[in-house]
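Numbering (our numbering), first residue to last: 1 to 151.
A few of these clues could be false.
[Unchecked claim] Distance condition first, Cα-Cα at most 25 Å in a straight line; then the derived PhoX-like pairs of lysine-lysine:
1) K90 <-> K63
2) K131 <-> K22
3) K128 <-> K22
4) K128 <-> K98
5) K59 <-> K131
6) K63 <-> K128
7) K24 <-> K126
8) K22 <-> K63
9) K63 <-> K122
10) K98 <-> K63
11) K98 <-> K141
12) K63 <-> K24
13) K90 <-> K24
[Said to hold, decoys possible] Simulated restraints, written as ranges between beta carbons of each label pair:
14) I134 <-> E38: 34 to 40 Å
15) D72 <-> G33: 21 to 27 Å
16) D68 <-> Y94: 18 to 24 Å
17) A147 <-> T23: 30 to 36 Å
No wet-lab data here; the hints were simulated from the structure.
No residue lacks a Cβ here, since even glycine has one placed at the ideal position from N, Cα and C.
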Amino acid sequence: MKAIRLFMAIFLIWGLASSCEKTKDIQFVRVAGITMDELGMSKSIVRMTLAYYNPNNYKLQLKDADFDLFIDDRPVGHSLQDSMIYIPAKDTFYFPVKLEINMANVFQNAFTAFSNKEVTIKATGKCKVGKGGIYLPFPIKCETKQALNFF
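Make a model of the complete structure from these sequences and hints.
Rendered as structure tokens:
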């Protein structure tokens with residue numbers, strides 16, 4: 001009887017240890033689409049769809065995303081998402097973003113954008129990622145270079 005209990009304890013410890021694989025970071029893939037909702041002189045609203053890849057073997061949920069957008073290290077906008085995003089396992093998912101753009105900062109960056117062949121777009125912030133009602137803070141850090149082909 002003691003041998004069975006010992007075997008069960010070893011099996012349980014092995015099972016728990018093997019299920020605690022380190023979670024891999026969600027990977028930014030691309031900007032899948034951009035549409036302009038409102039265009040104003042002081043503030044504009046832009047909707048973007050961002051594609052991400054989940055390299056983990058399990059589904060996740062993302063909520064409460066709060067991040068700032070920078071173009072060439074200058075702040076241009078802010079986004080606050082309170083909707084739940086369901087993330088499939090080992091698959092690409094799409095994250096809809098409503099972004100408030102500060103047009104004063106965009107106008108300040110316009111000359112630099114026209115003079116460069118590409119700009120660096122960076123988003124930094126935080127969100128909560130989890131499953132089964134348990135959510136942990138997760139940093140948002142993505143950066144990409146975007147070619148500008150105006151002419």
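* If any of the earlier hints don't hold here, list their numbers in rising order. => none
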